[in-house]
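Peer 1: The opening residue of the sequence shown carries number 1 in full-length UniProt numbering; numbering runs sequentially from there.
Keep in mind that the hints are not guaranteed to be accurate.
Derived pair list, reagent style DMTMM-like, types lysine to aspartate or glutamate, alpha-carbon separation capped at 20 angstroms [said to hold, decoys possible]:
| no. | residue 1 | residue 2 |
| --- | --- | --- |
| 1 | K61 | D39 |
| 2 | K7 | D56 |
| 3 | K24 | E57 |
| 4 | K24 | D85 |
| 5 | K49 | D71 |
DEER-style ranges, computed between Cβ atoms [said to hold, decoys possible]:
| no. | residue 1 | residue 2 | range |
| --- | --- | --- | --- |
| 6 | A60 | W174 | 13 to 21 angstroms |
| 7 | D28 | F79 | 19 to 27 angstroms |
| 8 | Q3 | D145 | 35 to 43 angstroms |
| 9 | P53 | N169 | 35 to 43 angstroms |
| 10 | P29 | D162 | 23 to 31 angstroms |
Please keep in mind that the hints were generated in silico from the structure rather than gathered at the bench.
Where a beta carbon is used, it is the ideal one built from N, C-alpha and C, also for glycine.
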Amino acid sequence: MAQQARKLCFVTVGATASFHFLLKSILDPGFLSALSQHDYTDLLIQFGKDGQPLFDEFAAKYPPGDLNRHDITVHGFDFNQAGLDNEMRLAQAKPAENRSSGLVISHAGSGSILAALRFGVPLVVVPNPTLQDNHQEELAEVLQDEGYAIWGDYGQLSAALDRAEVLRNRMLSWPPVYGTQERQPQDLAGVVSEEMGYLD
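Please construct the entire structure, taking both the sequences and the accompanying hints into account.
Peer 2: Below, the structure written as structure tokens:
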């Protein structure tokens with residue numbers, strides 16, 4: 001019998017602003033149940049500068065093996081000075097490693113969004129309502145309207161998972177990213193990658 005493929009949901013709240021609403025939502029057993037229903041096996045969280053207490057509270061309340069984890073392996077860290085490319089890459093399908101395509105859930109900071117779009121996995125963008133202006137919400141709305149991401153609400157992330165699967169199916173029809181020798185039409189992630197000099 002074949003072992004179930006690993007499927008990772010990577011969540012980033014960013015490095016500068018707190019986003020406890022998002023952390024509480026993704027650490028909720030209801031969200032973990034929704035992940036499990038979509039065949040996710042792993043949840044990796046970049047919880048930011050002051051998210052450690054919330055993460056530790058979750059880990060103490062629901063230790064590994066607890067039924068409320070719904071067989072989801074949960075790991076977290078505060079920040080990675082080298083950036084989040086390695087973590088986002090873990091959401092990509094890699095059949096040789098028995099890994100299927102996962103998902104990135106990100107705060108609506110433009111740097112994190114541009115980084116996530118490079119990896120060709122569904123992206124859920126969650127604006128932080130505690131910030132003073134509404135630029136994150138505007139960006140999330142435009143990305144959803146253009147079909148590049150899902151505009152997620154921290155209070156309804158389970159529904160965003162359903163919409164992310166629709167986006168995943170739509171992404172399969174997007175043209176592949178080619179090297180610079182074979183210039184072909186590209187999706188937004190391909191254009192961003194090329195402009196930034198990334199040719200994975």
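Peer 1: A separate judgement is required for each hint: does it hold in the structure or not?
Peer 2: Here is what the structure says about each hint:
{"no.": "1", "hint": "K61 x D39", "in the structure": "violated (23 angstroms)"}
{"no.": "2", "hint": "K7 x D56", "in the structure": "violated (23 angstroms)"}
{"no.": "3", "hint": "K24 x E57", "in the structure": "holds (10 angstroms)"}
{"no.": "4", "hint": "K24 x D85", "in the structure": "violated (24 angstroms)"}
{"no.": "5", "hint": "K49 x D71", "in the structure": "violated (27 angstroms)"}
{"no.": "6", "hint": "A60 x W174: 13 to 21 angstroms", "in the structure": "violated (42 angstroms)"}
{"no.": "7", "hint": "D28 x F79: 19 to 27 angstroms", "in the structure": "holds (23 angstroms)"}
{"no.": "8", "hint": "Q3 x D145: 35 to 43 angstroms", "in the structure": "holds (40 angstroms)"}
{"no.": "9", "hint": "P53 x N169: 35 to 43 angstroms", "in the structure": "holds (38 angstroms)"}
{"no.": "10", "hint": "P29 x D162: 23 to 31 angstroms", "in the structure": "violated (18 angstroms)"}
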